[in-house]
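Please model the complete structure; the sequences and the hints are all you need to start from.
Per our numbering, residue 2 is the first one in the sequence shown, and the count goes up by one each step.
If you're looking for bench data, these hints aren't it; they were derived computationally from the structure. Even for Gly, the Cβ is constructed at its ideal location relative to N, Cα and C. Any given hint could turn out to be false.
No farther apart than 16 Å at their CA atoms in a straight line, the calculated lysine to aspartate or glutamate pairs in the EDC-like style are these [what the hints assert, rightly or not]:
| no. | residue 1 | residue 2 |
| --- | --- | --- |
| 1 | 123 | 300 |
| 2 | 96 | 159 |
| 3 | 302 | 117 |
| 4 | 532 | 610 |
| 5 | 302 | 114 |
| 6 | 219 | 486 |
| 7 | 359 | 396 |
| 8 | 214 | 418 |
| 9 | 194 | 213 |
| 10 | 123 | 91 |
| 11 | 210 | 418 |
| 12 | 501 | 475 |
Computed beta-carbon distance windows for the label pairs [claimed, not checked]:
| no. | residue 1 | residue 2 | range |
| --- | --- | --- | --- |
| 13 | 60 | 316 | 48 to 54 Å |
| 14 | 351 | 262 | 42 to 48 Å |
| 15 | 423 | 360 | 36 to 42 Å |
| 16 | 239 | 95 | 22 to 28 Å |
| 17 | 188 | 423 | 19 to 25 Å |
| 18 | 100 | 198 | 21 to 27 Å |
| 19 | 114 | 438 | 53 to 59 Å |
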Amino acid sequence: MSSIRLILKDTVLENKIFGNRVLIAWLIMLVLFLGIVMRLVFLQVSDHELYSSLSENNRIKILPQLPTRGLIYDRNGVLLADNRISYSLEILPEKIKNIEVILKELSQIIAIEETDIARFKKQFRQTRSFRTIPLRYRLTEDEVARLAVQRHRFPSIEIKQNQSRYYPLGATGVHVIGYVGRINKKELEIIDKSDYMGSDYIGKTGLEKYYEKELHGKTGFQHVETNVQGHVIRSLKSTPSVPGKDLHLNIDIALQNYIERLVAKHRAAVVAIDPKTGGVLALVSMPYYDPNLFVNGIDVKTYSGLRDSSARPLINRAIRGQYPPGSTIKAFVGLAGLEYGIRSTRSRTWCRGWYSLKGQKHRYRDWKKSGHGSVNFHSALEQSCDVYFYSLAHDLGIDRLNTFMTRFGFGQKTGIDLSGEMGGLMPSREWKQRRRGIKWFPGETIITGIGQGFMLATPLQLAVATATLSNRGEFKQPRVVFAMDDGRFNEMTVVPPLVKATINLKYPAYWNTAIGGMKAVVHGRRGTARKVGRHSRYRFAGKTGTAQVISIKQTEIYDARRLAKKYHDHALFIAFAPLKEPRIAISIIVENGGGGSKTAAPIAKKIMDYYLLQKSSLTIASTISDQ
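Now the structure itself:
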């Protein structure tokens, strides 16, 4: 009996479990069914207009909503890159039957230059059929009105309202700011096409290129219904665009403009940095050009003139120019000697005007034919004694010299927020074997000690190394942008200073020795740049440099008067000021400018005077109006 009851009990339990499972399955099906019903209701009621219109595909257009490009300001709020409303005449290729007829008829309504036609035809051959091609930019109100009246005759044309980039200060700061231009075929292959629908412009150089993503913003979209003529009847659905971010720079455009005027007659580069933050105060490359020429497409003749000019105005010398640094690196070479114990602060070398290796007749000449006599690190820096550094470089060897100099950033990119930076060259045995296929020679080490031979540096690298020295080893990455914001008065996003590395010496007093020698260069009795330090209202440290462009035979004497200008030495100078708590570190190179003490140092002193003593009483408006 008990077994029968157990069987009956199990049957009841199984039936109950089965019933529960059936109920759960029905509930799941009910939920799914209700979800489908709700979605159908939503589509039929909420988006009825959109989807009923979409059923007639030929009457629906998706129009891109272009974002407003971010603006660019200097550290004091001076506007450097702006947007202006303009109107352009554009043509849709897919609706053209005879391009020559269209162009001829349009030329009878508004003025169209040959350069406009040539540019249009070039883009016509390259552009996809569904993208409009601009024929004329910056239409006047009268021209817009005339075209509107004749619009019915030309179904292929569109009059577009655009935001055109405008650089209010013209050429000032062009190598920092850069410029925008029309998207070319190569760029079209790599950009996110959905983000550039309806957009024709993209950053080409400078900050405009490096911060393209931030400046561009996000494209929005609008679904509209159109009639047979293509005119918009109503808006169905829209996704708003997101404006680009504004950039606020470390650049002081008044200082930038002042420097540009100082070196206007030279091929030159100047970089000024705030040692405390790494912020770039000025970055000058001369000659320069007006970026507004490129915004709507530069004509062939003007571009060829810039591209083929022997002065190379399109090259940013400050970050791409690679030059022998000459004697500007002697403070760093001297520090290497102290750090590796090759020399002490009291070690002395006798300079008789030349240096040679044992058993060799070749003489490495000092710039001072009669020699400097007995010198230590301090006095060798003050007088820029080549022989001291020939001897030191030889004793260090290229391996230790390479290792130490790379700690200051030589031979590698600084990481500045600008596109196209070059890394210079700090040579090594491995580099020469890989590049030339031959071994390294001792004589090459000797001339590396005075910044000649294979060694190359950019003006930016020299400025960063100088700032690092003034900071006693704190290597801060140079930054052009200080902060970004979305242009809607929200909180700025500040780009914090970045300490890339800290150079720790065995004895911190070595920093004082190097800086003391550089101080003597400008304030010492025998300093190579003592003229610029005389009567200065503040103390500073500096180092002159002269880089040879061509080699001179040992039996010859360098005479600039007998050489073409392009073979004259380059003039260099590095400095920081004030001596205590530096506010500016600077490097300058004047191509074919001769000696650093005669050409580069006086310019650098004027720049520091302006920044430290005069700038507070001047305004950017008055500075630029004086040009």
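To see whether the hints hold, each was checked on the structure:
1. Pair hint residue 123 plus residue 300 holds up; C-alpha atoms about 12 Å apart against a cutoff of 16 Å.
2. For the hint pairing residue 96 with residue 159, the CA-to-CA distance comes to about 11 Å; that is within 16 Å, so the pair holds.
3. Distance hint between residue 302 and residue 117 is fulfilled; the C-alpha atoms sit about 13 Å from each other, no more than 16 Å.
4. For the hint pairing residue 532 with residue 610, the CA-to-CA distance comes to about 15 Å; that is within 16 Å, so the pair holds.
5. Of the pairs offered as hints, the one joining residue 302 and residue 114 holds, with about 14 Å between alpha carbons and a cut-off of 16 Å not exceeded.
6. Taking the CA atoms of residue 219 and residue 486, the gap is about 15 Å. The hint holds against a cut of 16 Å.
7. Between the alpha carbons of residue 359 and residue 396 the distance comes to roughly 13 Å, so the proposed pair stays at or under 16 Å and holds.
8. For the given pair, residue 214 sits about 13 Å from residue 418 by alpha-carbon distance, which is consistent with the 16 Å threshold.
9. With a C-alpha separation of about 14 Å, the suggested pair residue 194 and residue 213 falls inside the 16 Å cut-off, and the hint holds.
10. In summary, the hint linking residue 123 to residue 91 is supported, as the alpha carbons are separated by about 14 Å, within the 16 Å threshold.
11. Of the pairs offered as hints, the one joining residue 210 and residue 418 holds, with about 10 Å between alpha carbons and a cut-off of 16 Å not exceeded.
12. This hinted pair checks out: residue 501 and residue 475 have alpha carbons roughly 8 Å apart, not beyond 16 Å.
13. Separation of residue 60 from residue 316 is about 52 Å and conforms to the stated range, judged on CB atoms against 48 to 54 Å.
14. Checking the proposed 42 to 48 Å range against residue 351 and residue 262 shows it holds: the Cβ atoms sit about 45 Å from each other.
15. The given range of 36 to 42 Å is respected by residue 423 and residue 360, whose C-beta atoms sit roughly 39 Å from each other.
16. Between residue 239 and residue 95, the C-beta spacing of about 25 Å keeps the proposed range 22 to 28 Å intact.
17. Against the hinted window of 19 to 25 Å, the Cβ-Cβ separation of residue 188 and residue 423 comes to about 22 Å, which satisfies the hint.
18. Range check, residue 100 to residue 198: about 24 Å between beta-carbon atoms, so the 21 to 27 Å window is met.
19. Look at residue 114 against residue 438: about 55 Å separates their beta carbons, and that is inside 53 to 59 Å.
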